[in-house]
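S.K.: Listed below, chain by chain, are the residues.
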Amino acid sequence: MKIHYSYLSKIAFLQWSVLFLLCFSAVSQESPKEEDFFKIVKVSAPEGVILEVGGLTVLPNGDLGVSTRRGEVYIVENPTSRRPYFRKFAGGLHEILGLEYKDGAFYCAQRGELTKLVDRNKDGKADLYQTVFSWPISGHYHEYSFGPKLAPDGSFFVSGNVAFGSEEWWRGESRVPWRGWMMRIFENGQMEPWATGLRSPAGLGMIDGDLFYADNQGDWMGSGGIVHIKKGSFAGHPAGLRWSGMPNSPMKLTTEQLYAVVGPRQVKNDMGRYIKPENVTNEKFATLFEVKQKFPETQVPAVWLPHGVLGISNSEIIKIPEGVFGPFEGQLLVGDQGQSKISRIFLEKVNGEYQGAAWEFRSGFQSGVLRMAWGKDGSLFVGETNRGWGSAGEASEGLQRLVWSNANPFEMRTIKAMPDGFEIEFTQPVDIKSAQDISSYSVESFLYKYHAVYGSPVVATKKHAVKGVKVSSDGMTARIIVEDPRRYYIHNITLEGVRSQEGSYSLVHPTGYYTLNNIPEGKKLLMSEVSTKNSGKTKTTTPARKENTKLESPDDPNNNNKKKVTTPPAKAVTYAEVKPLLLKNTCAACHNPDKKQ
Amino acid sequence: MAPHVRRGLYCILLIQAFFIQRLSSPQAAWSSDTAGTAFQIRGYEIDDNDRPTFLYSMYGAEIKDDIKVMDNAEGLRRTISINNAKETLHARIAVGKTIESIGNGMYLINDKTFYLRVDDAGKSQPVIRDANGGKELIVPVQTQLSYSILF
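First to last, the protein sequences are chains A and B.
The letter at position 233 of the first sequence is residue 232 when you use numbering that gives the first Met the number 0, and the numbering goes up by one with no holes.
The letter at position 88 of the second sequence is residue 87 when you use numbering that gives the first Met the number 0, and the numbering goes up by one with no holes.
These aren't lab readings, by the way, just hints derived from the structure by calculation.
Some clues are possibly wrong.
Straight-line C-alpha distance at most 25 Å; calculated SDA-like pairs for lysine to any residue [to be verified]: (1) A/Lys87 - B/Phe53; (2) B/Lys67 - A/Val117; (3) A/Lys318 - A/Lys415; (4) A/Lys38 - A/Lys415.
Label pairs and their in silico Cβ distance ranges [said to hold, decoys possible]: (5) A/Met245 - B/Ile101: 52 to 58 Å; (6) B/Asp119 - A/Asn120: 20 to 26 Å; (7) A/Gly138 - B/Gln39: 19 to 25 Å.
In this text, a Cβ means the ideal position worked out from N, Cα and C, and glycines have one as well.
Build out the structure end to end from the sequences listed, making use of the hints.
M.R.: Shown next, in the form of C-alpha cells:
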C-alpha cells in the first residue's frame, strides 16, 4: 500500500506539474483563431433593400451583381468601399438562385427557366428579359432551381431540386422531367440532360473546367459533400432515374435496376398508409460505393463534408484564385447555409478521379452562406439567406465580405493520400519534436449508409493506428504511416499534438477529413526511416467527432466490398445533449425527434 | 413584374386557344388544339415605364405581343408584330354572339358590349365569319396588326 501510495503521489505531482505547465502555456501562448486571419466585414446596403442573396457575380469592371431570392437583381458599384452604390437592374423575377455575367448580359435561373437580362439602351436597367430555356415544374415548393454556372464553352449548367411525395412526404420524387437532374443549356435554347441522382443541389462549381455540385443530407444522402458530376453520372438519389428512358437522356440505369440492389423501403401499415422509413440499427446496410461497384456510373462524392461538422446544407463551390488568401490559393471553398460557414477543400486526382481533404475554414456569418464571389481586391463576397429554414447566423439575409489579414495561419495546407497513409503539408514549419511524436496524430475512418431513410448515422467507424511519421527537415510536411487505410471511407485526421515551430501554436483547425476514394500506388515508407516516438501525451479522441468515437464496428479492413454490420454505439448521445446544437444550427422541421415535418 | 401578373397576362393572351393560328384558309375552323404550334415563351421587353411587351414564337415565327393602355385611357391597344413567318398566320381578335362592322375599321361586339377598332392590318382585310353558332373576327397578319378595344 505504501509503495502504491508514494507511486500515486508521484503521479499526482506529475499531473499537477503538467496541468500547471498547460495553464501557463495556455495563458502565454493562446493559439490564434480563424477570426484572427479572416475578418468578416459588412457590405453596406441602402435601407429597405432586402438582400436574401441567391446569386453573386463580379463583373469585369469590379462591380458586383447580386440576385435575390425575392426576384431582384442589383448592380453594386464600388462594392468594397465604405459606401457602395446599389442600382436595381431588374425585378419581378421568380426566386433567382444564381447569377452569371457573360458578354454584357446577366443570366439567372428562375424557378422555371434560364433567363437572360439585357440592358439594350444602356440606361443601367434591364429592358429585355429573355427566356433562354424553360423547364417543366410541377409547382411543388421544393423544386428550387440553381444556377447557372458558366462552362468554358459558354454553355450553362443549372440544377433542379426534387419535389417530395404527397402521402410519402419524406420521399424525394421527380414529378416532371429533369427534376433531380443537372441540365446543360446552350445560348440557342437547346438543353442537354447532363446527369441525375441529385437531391438538393444548391451549390455548383466550375473548377478548372470540371463541373462539381454540392448536395446535402436527406433521403438517400447520408451526408453532404461535393461531387464531380460528369455527363451521365448518377449521384445517388433515385428520383431522377424516372427519366432515364427519355430520348435525350444520357442515363442507362433505371429505377428498377437500382431498387433491385437497394430497396426503396416503401412499406404500408395495416391502414394502407405508407410508413416513413427510419434508420435500422444492427442491419446489413449498403453504402454508395457498393452501388458504384454494381453501377459504375455512380459518382461517390469527391470529398464528403461530414454532416453537422462541415455543414448541414452545403452550397456554392468556388476556387481560390492565384495570389489570394495566402497559402490556400488554388484550393476550394464551400459554403453552408444552415451552419452559416465556409469549409475549405484540397483536391487531388488519384487514378484519374478527384478526392481530397476538407477542413473548417471560417464560421460566424450573419445568415446562411449560399453564394460566394471574388472581389477584384482579393476579398470574398458572401451572399446569405436562411429562407426561413433557420441558420446559425440568425439574420434572415446578408451580404458580407471575407478579408484576409495577410498573416499566415498555422494550418494543414494539404493532405495527400499515400500508398501507406497520408502526407500532410503545413502552411508554416512545425515544431519537429511535436511532429515526430506519433501520439500527436490520430486517424479514424467512417462512412454513411445509402438508404431511403433521411440521413444516416456515422457507421463502420474504425480507429487506425499511426505507426510512424517522417517529418521533412524543413518542418513543412509530415508523412504518416496509417494502419490499413480504407478505400472510399472518410478519414478523420486529427493533429492535436502538432505545434508550430514559431510560437508553439496549435493548428487553427486540427482536424481534416480525407475522402479516400482511391489509394495511390507507389513507394511505401520503411519503418527504418520514420519516427515511432510515442510520448502518449496527446489524447487520441478528436473533439470534432467525439460522439462517433464510441461507434465500433467489427469490419474487415481487407475486404471493403462486404456489407458491413454495425453494432450500436456503447452510449448514444441523448437528444437533450444535442438539442441546443440542433436548434441553433439546423432546421427543426426535418431534424426533429417527433418526426413531424 | 411579379410572376402571377405575368402568368395572368399570358392567360389573357392565350384564353380560348391561341390568339394566333395557322389556317389553311380564312374560313378554316379555329382549333382549340395547341399541338403542333411549337409555342415557346421567349420572355418580355420592358419599356421606360416598366410595361412589358411579351415575346413568343409559334410555327417558327417570332411574335411580339404588346398590350398598352391608350394615352387618354379610352381603351386598350394591342399590337402584334410577326417576324420570320414562313406562311400567313391568322389572328382571331374577337369572338361573340354578334359582330357588326360599322365602318372605318370599327366593329361592335356582342350587341354593344365593346367597340373594336382595327387600327392597322397592313393590306389584310378582317373577315367576320360564322363559328360555333356565333361570330369570329379573323385577320390574316403579314407582319403587323394593331387593334384597340374601346370602352
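S.K.: Each hint should be assessed against the structure and marked as holding or not.
M.R.: Hint check:
no. : hint                            : in the structure
1   : A/Lys87 - B/Phe53               : holds (22 Å)
2   : B/Lys67 - A/Val117              : holds (22 Å)
3   : A/Lys318 - A/Lys415             : holds (18 Å)
4   : A/Lys38 - A/Lys415              : violated (28 Å)
5   : A/Met245 - B/Ile101: 52 to 58 Å : holds (54 Å)
6   : B/Asp119 - A/Asn120: 20 to 26 Å : holds (25 Å)
7   : A/Gly138 - B/Gln39: 19 to 25 Å  : holds (20 Å)
Violated hint for the displayed structure: number 4, the only one.
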